[in-house]
Amino acid sequence: MNRQQRMHLYDIQNRAYTEGTVEQINDQWIFFDEETEEAAMLEDFVQQEIEIFRMNRWKKGILKEAGKIRIGNELIMLRDQDLVRIRKHLIYSLERLLDGINDDAFFQFVTTLNSLNFSIFDCIYCYNHLSFLSDEHRKDGVNFMVFDNQDEICNVQHHFCYYEKINDRFEFTINTGKRLIIEKLIS
197 MNRQQRMHLY DIQNRAYTEG TVEQINDQWI FFDEETEEAA MLEDFVQQEI
247 EIFRMNRWKK GILKEAGKIR IGNELIMLRD QDLVRIRKHL IYSLERLLDG
297 INDDAFFQFV TTLNSLNFSI FDCIYCYNHL SFLSDEHRKD GVNFMVFDNQ
347 DEICNVQHHF CYYEKINDRF EFTINTGKRL IIEKLIS
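Counting in my numbering, the sequence shown runs from 197 upward without gaps.
Because the hints were derived from the structure by calculation, they are not lab data.
Note that the structure is a prediction, hence the values are computed from the model and not measured.
Just so you know, not all the hints are guaranteed correct.
[As the list claims (entries may be wrong)] Okay, the calculated beta carbon distance ranges per label pair:
(1) Gln201 with Gln346: 25 to 35 Å
(2) Phe340 with Leu205: 14 to 24 Å
(3) Asp300 with Arg253: 27 to 37 Å
(4) Lys374 with Lys260: 42 to 52 Å
[What the hints assert, rightly or not] Capping the alpha-carbon separation at 25 Å, the derived lysine to any residue pairs in SDA-like fashion look like this:
(5) Lys256 with Met237
(6) Lys380 with Arg202
(7) Lys256 with Arg281
(8) Lys284 with Ser311
(9) Lys284 with Gln200
(10) Lys335 with His325
(11) Lys380 with Glu247
(12) Lys264 with Gln277
(13) Lys374 with Asn310
The C-beta atom is built at its ideal place from N, Cα and C for all residues, glycine as well.
Build the full structure now, drawing on both the sequences and the hints.
Dropping the structure here:
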């Protein structure tokens, strides 16, 4: 799995974007979150990935300044009530953890999490013990993650041992009592 395949898995995650509409009020662009109905200054998202819904499809670009999106070589001007979605950011420690595990463990973790109706963007807490072991020859320990999809809570323990063999074990526990364990061992 290369970086592009990992990024595709990020792109297809549920709840990867905050959707809403934009309005120009007193010469300022305001973003209204569709789910929470909260308002935010669009300029707070400058230089971030944003998508605009035009001609019955989402067009991906970068917000260059409030009211303007660069899509390739084209500069698109926003209009009042345009439907947009802004890419959410992962919790930093989770992002580092996902970058640090091998491709097979990454794929199994994300697809299993998705099968339980959770997204990596549902993460509300991540303790990444692996990041503290970067200089060590033998790396073993446990990482802790908590996910909230608004219906259920999922706790994940990632037991790892990277020494002569690579061992990743993920234990998923949902607040309903459902449990699932997956393990990946590479010699």
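Verification of the hints:
| no. | hint | in the structure |
| --- | --- | --- |
| 1 | Gln201 with Gln346: 25 to 35 Å | holds, 28 Å |
| 2 | Phe340 with Leu205: 14 to 24 Å | holds, 22 Å |
| 3 | Asp300 with Arg253: 27 to 37 Å | holds, 33 Å |
| 4 | Lys374 with Lys260: 42 to 52 Å | holds, 45 Å |
| 5 | Lys256 with Met237 | holds, 20 Å |
| 6 | Lys380 with Arg202 | holds, 18 Å |
| 7 | Lys256 with Arg281 | holds, 9 Å |
| 8 | Lys284 with Ser311 | holds, 21 Å |
| 9 | Lys284 with Gln200 | holds, 18 Å |
| 10 | Lys335 with His325 | holds, 10 Å |
| 11 | Lys380 with Glu247 | violated, 36 Å |
| 12 | Lys264 with Gln277 | holds, 14 Å |
| 13 | Lys374 with Asn310 | holds, 15 Å |
This entry does not satisfy hint 11, going by the numbered hints stated previously; all others are met.
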